[in-house]
Amino acid sequence: MGQKKTEAKVLYQQEIADGIFDMWMETDLAQTAKAGQFLSVYPRNGGTLLPRPISICEADREAGRVRIVYRVAGKGTAELSGYHVNRKVNVLGNLGNGFPLDAAEGKRVFLTGGGIGIPPMLQLAKDLRQEGKAESVAVIVGYRDHQLFLKEDLEKYARVYVATEDGSAGVKGNVMDAIAENGLEADVVMACGPMPMLRAMKRYAREKGIVAYISLEERMACGVGACLGCVCRTVEKDAHSHVHNARICTEGPVFLASDVDI
Amino acid sequence: MNTKVKIAGVEFKNPVMTASGTFGSGMEYSEFVDLNRLGAVVTKGVANVPWEGNPTPRIAETYGGMLNAIGLQNPGIDVFVERDMPFLEKYDTRIIVNVCGKTVEDYLEVVERLGDTKADMLEINVSCPNVKEGAIAFGQKADSLYGITSAVKKKARQPVIMKLSPNVTDIAEMARAAEAAGADALSMINTLTGMKIDVHKRKFVLANRTGGLSGPAVKPVAVRMVYQAAQAVKIPIIGMGGIANAEDALEFLLAGATAVAVGAMNFVNPYTTVEVVDGIEEYMEKYGIEDIRSLIGSVE
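Protein chains in written order, with my numbering: chain L, 1 to 262; chain U, 1001 to 1300.
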């Protein structure tokens, strides 16, 4: 697995939408990073003890740089958003399993992202494009408003369809509305976003008889599978505890939608 | 320089252990830490059958600490004996198995099963605040603690550590009850019962409403309780509560603990345990301390 805690260096940081920050860090974790995996980022303030799990948005494996795009949600991410270039950051990575690229082979693939679930779709779109095994890749992203962060980056690798809650860009509504409005079809769905969106994707996949891979989140402590804080209900008994609670940080965060009870 | 300590006839290469529930059965952290360097691995609590634990959210951060309400999710003794014990036996470290249950019979079933294994010691969890039945019910009244301790002692083939709850009026009374019932050692403290409320949603943060507070925020309480218990009993104490570095660990030793355990700080820094081992040796060198045992309870 090759997990480790290491010191990364901030190379770039910019606010790209209200409260959404875009950060590049220099770290050798980039070399093994997979789309859909996450990093645990440690604030320096001793009052904020636990690491912040943040998904990998992009990894430049050759240059050894990792990009995270995150929303300021509390004290830890607020501290992170104030970091300047050259600042050192403690990160633990690469955590979790990531999206299964093989599942896209010969298939029409939807990558759906909602809000702060959009960032991991970038590396995924990039990897799928590079592998070139998918028949087609369509990215469907849902935003609150016209602040369409990462849209231009995504367009480098796939056709992008937009939905906004307030209708200020793309289709008014959510990703499901954008799929319907544009008459899109797929054989495989890979999704990350708020729980209502993930439930909708799971339902959609079931109705269409296709598979969906969804990335879940939960409050975490250790990030490596020891504390059993971040579990989700599973249909079958989980491999670790033999109950019905798989660890999102370890068995996930990406699950086959039909395997989890959400 | 001697860093070895002995508890109930079991020798530990150093006094640094892991606190139950924060280290799994060692597998997850073996990526980060050479388990051979630890005095002991204390496992996550194991029951007679698998336990599902509580609904999520199970974790909440608080200032300088965290609340957890895992509810002792565990795979049960069968899986533990078949999977986790063989893993731990590969390492040159002591194995202390934390035992939980809902009834006295549950505890005894696990204790009996462990009798045939290479577990070096048993730690009896009578102090988890996150499960309704069993657990803490045995650890908050001196007579209940006495009862479960003597029942376990009759069945146990390994030395028994009773893990005490800090959620009591008089920790010395509890320590004495466990000692009188035949406990070989005490470990303390388990987490302090706490609560966090999200004022924006006006909701409890934890699905369980209450959780156990751990981390540096609880350390002064833990040091005080270890000191009080050490004054009250003769059996050895394993001290824990917010240990983040060697200085923290040394506070516990000076207060009267024979060994220490690192808990929540494993989540913050996976290398904490080995850093504490190294730091204690540096301290001993700096102050010319030949034998770590001379530090135990030596606060003035």
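Don't read these hints as lab results, they were simulated from the structure. Nothing here was measured: the structure is a model prediction, and the numbers come from that model. For each residue, glycine too, the CB sits at the ideal point set by N, CA and C. Any given hint might turn out to be false.
[What the hints assert, rightly or not] Stretch-level coverage of chain U by chain L, calculated; a stretch enters the list once three of its residues show a Cβ under 8 Å from a Cβ in chain L:
hint, stretch
1, 1004-1014
2, 1049-1061
3, 1255-1268
[Claimed, not checked] Some chain U residues flagged as far from chain L (calculated, every beta-carbon gap over 12 Å):
hint, residue
4, G1024
5, S1025
6, E1031
7, K1044
8, L1067
9, R1083
10, K1102
11, D1170
12, E1285
We went through each hint and held it up to the structure:
Against chain L, the stretch 1004-1014 of chain U contributes 0 residues with a C-beta closer than 8 Å to a partner C-beta. That does not satisfy the three-residue criterion, and the hint is violated. Counting residues of the stretch 1049-1061 of chain U whose beta carbon lies closer than 8 Å to any beta carbon of chain L gives 10, which meets the minimum of three for the stated coverage. Evaluation of the coverage hint for the stretch 1255-1268 of chain U: fulfilled, as 4 residues show C-beta separations to chain L shorter than 8 Å, against a requirement of three. Under the 12 Å C-beta cut-off, the non-interface status given to U/G1024 relative to chain L is violated; the minimum distance is some 4 Å.
Not every CB of chain L lies more than 12 Å from the CB of U/S1025, the least distance being 9 Å, so the non-interface label is violated. Separation of U/E1031 from chain L is inadequate, the least Cβ-Cβ distance of about 5 Å not exceeding the 12 Å criterion. The beta carbon of U/K1044 sits about 8 Å from the closest Cβ of chain L, which is not more than 12 Å, so the claim that it is off the interface is violated. Listed as a non-interface residue, U/L1067 fails to keep its Cβ farther than 12 Å from every Cβ of chain L; the least gap is roughly 10 Å.
A Cβ of chain L approaches the Cβ of U/R1083 within 12 Å, the least distance being about 9 Å, so the stated non-interface status is violated. With a least beta-carbon separation of about 15 Å from chain L, U/K1102 lies farther than 12 Å from that chain, consistent with its non-interface assignment. Residue placement check: U/D1170 keeps its beta carbon more than 12 Å from all beta carbons of chain L (closest about 30 Å). Listed as outside the interface, U/E1285 is consistent with that label: its C-beta sits roughly 27 Å from the nearest C-beta of chain L, beyond the 12 Å cut-off.
Checked against the numbered hints above, the structure breaks hints 1, 4, 5, 6, 7, 8, 9 and satisfies the rest.
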